[in-house]
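Note that the protein sequences, when read in sequence, are chains F and G.
Just so you know, we're using this note's numbering here: the first sequence kicks off at 31 and counts up by one.
Just so you know, we're using this note's numbering here: the second sequence kicks off at 170 and counts up by one.
Worth double-checking, as some hints may not be accurate.
As the list claims (entries may be wrong) - Just the calculated beta-carbon pair ranges, DEER-fashion: (1) F/Gly95 x G/Asn342: 34 to 42 Å; (2) G/Gly300 x F/Ser112: 50 to 58 Å; (3) G/Asn342 x F/Ala191: 45 to 53 Å; (4) G/Arg190 x F/Gly70: 28 to 36 Å; (5) F/Glu148 x G/Arg190: 21 to 29 Å.
Simulated from the structure, these hints should not be mistaken for laboratory data.
Computed from a predicted structure; not experimentally measured.
Note that beta-carbon positions come from the ideal geometry of N, C-alpha and C, so glycine has one too.
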Amino acid sequence: MTAAVTAEGISKRYGDTIALEDVSLSVDSGDVFALVGPNGAGKTTLVRTLTGTTMPDAGSVTVLGRSPNQVKKERIGLLPQSFTPPERLSARELLGYYAGLYDDPRPVDDVLTDVGLETTDETWYTNLSGGQQRRVCVGIALINDPDLLFLDEPTTGIDPAGRQSLWSLITDLADDGTTVFLTTHYMEEAEQLADQVALLDSGSLVEVGRPTALIERYGGGTHLRIETEHSLHQIESLGVDVETTETGLRIPDVAPAEIGEIVSRLEAQGIDYETLTWTEPSLEDVYLHLTSETIDEQQPSEPAVNPVGESQ
Amino acid sequence: MTWITRVGAEAGTAWRSFLRRRTAVFFTFGFPLILVGIFGAVVQTNPTGGGLFGHPTGFYVPGYLAIIVLFTPLSRIGSSIARYQEGNRFEKLATTPLNQGEWLAAHTLVNIGIILLASAIVLGVLELVTGGSFSLSPLLLPFIVLAVVVFCGIGALIGRVADSQDGVIAASNAVALPLVFLSETFITPDMLPGWFRPAIGLSPLTYFARGVRNATYLHQSAGSELVVLAVLAVVFFGLGAYAVPQTE
Chain F
31 MTAAVTAEGI SKRYGDTIAL EDVSLSVDSG DVFALVGPNG AGKTTLVRTL
81 TGTTMPDAGS VTVLGRSPNQ VKKERIGLLP QSFTPPERLS ARELLGYYAG
131 LYDDPRPVDD VLTDVGLETT DETWYTNLSG GQQRRVCVGI ALINDPDLLF
181 LDEPTTGIDP AGRQSLWSLI TDLADDGTTV FLTTHYMEEA EQLADQVALL
231 DSGSLVEVGR PTALIERYGG GTHLRIETEH SLHQIESLGV DVETTETGLR
281 IPDVAPAEIG EIVSRLEAQG IDYETLTWTE PSLEDVYLHL TSETIDEQQP
331 SEPAVNPVGE SQ
Chain G
170 MTWITRVGAE AGTAWRSFLR RRTAVFFTFG FPLILVGIFG AVVQTNPTGG
220 GLFGHPTGFY VPGYLAIIVL FTPLSRIGSS IARYQEGNRF EKLATTPLNQ
270 GEWLAAHTLV NIGIILLASA IVLGVLELVT GGSFSLSPLL LPFIVLAVVV
320 FCGIGALIGR VADSQDGVIA ASNAVALPLV FLSETFITPD MLPGWFRPAI
370 GLSPLTYFAR GVRNATYLHQ SAGSELVVLA VLAVVFFGLG AYAVPQTE
């Protein structure tokens, strides 16, 4: 499979602040690639570097086989972070405006249908809900039928229904062969959509891989969380390993088939509980695991630092 | 698809956006009326003993027009750039075929349209108020168009430097107000200190005021002023286009 995007050793500083440090990645054609990280991790700087609106201090980028400023602009779509188009225009007028900037744009009606705005197409942007506004912005990024689509935090600030609708749209685009490079700080979004996930922390890429592979490698096992007033020793008397966490007691490595057995033992011992929650490892566990390792390596004297909180 | 289509798309959007901001429309076209209402009334007193309005109305027509071709493009282009930056619109446009020169051309066209309308209002009201003590000239059109191009270019430079809508307003006022009084619009050079007079030639507005006055009031040749203004239009349009943000 050919690479739609490659970045080799990208570094970018703003004064004393390191925005990107030696970032290298490759995005296969037709993949959905999610760049995950907290606010301030460097996601937007990386998108700007890949789209050619920011020049890196070091490193090289190719987009669709060329440098970002040489690639034909009809082939790229971009939804910048916090993008606001002219507000007193309707969705139809906005799509028509951006369509007018390209040689061979998609029909406006088709894009309105794709983003689910056929019935509100004459409403001014400023009078649309936050989710509808974001869908207009995604529509603008799609108007030139790009081969490569950059979406910088496309679902930030929109409600769950709007988010689901955009996820569905992104999935359809990828199914049709569009390469999608999206940034998000929602781990669930990356896990749902992405073929490849890159975890960015403080300007450095921590890990890149398929979500399932990353979870398998770094996410730990499934576990059963018990909210109870009983002690650790009372639970251990059931004959299982128990860990204490910030939120209660946790029995690690519990397969779904074992849950019934544990519940039976709890009842037999007369141990009552508020809640029992069985959890699979997620990308969030991977991110926390990897970023805490990074920070531990850099700052061995401060083991209690919360990596996500600090980098935000 | 040519650059003309892209400029048309950008200009059409800018024009529509302008018309839908009622306050902007009201003050853009109300400003010339206020201007003529205040100064026109003073001129109407027809003073004879010198002072600020010691000349007939026709002498001040270039001044009224100069205020419009100066203030409107400076503040409008500067504000547009600030607004586009705040909405990350330039980052988006950088990934479209529209380039910086085309963007400025589109917004300059919109300003030309607005300022021609505002100028027509000023001339019409002056005609009503003062009873026609000036003559129209076909040269008014190129003078107004070229002056708008010049000040759109300077507006783009201000927008790039000021970086916010508040900053643009302050900066454009700071640039425009001195130019109004130091460019042979309402104040003649003999009312200024002798040491300052050479600086008058540095203001682009001087060539607009001189040329329009020659064409509409003194009935003299305005060719040299038109040429200077055309050269300045090319220079400032180029600088302005370069200043329009595209990459960080």
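Structure-based check of all given hints:
Evaluation of the 34 to 42 Å hint for F/Gly95 and G/Asn342 yields a failure: the beta carbon distance comes to about 50 Å. In this structure the supplied range 50 to 58 Å holds for G/Gly300 paired with F/Ser112, their Cβ-Cβ distance being about 55 Å. Distance hint check: the CB atoms of G/Asn342 and F/Ala191 are about 47 Å apart, consistent with the given range 45 to 53 Å. A hinted range of 28 to 36 Å holds for the C-beta pair G/Arg190 and F/Gly70, which are about 35 Å apart.
About 27 Å separates the C-beta atoms of F/Glu148 and G/Arg190, a value consistent with the hinted range of 21 to 29 Å.
Of the numbered hints stated above, the single one contradicted by the structure is hint 1.
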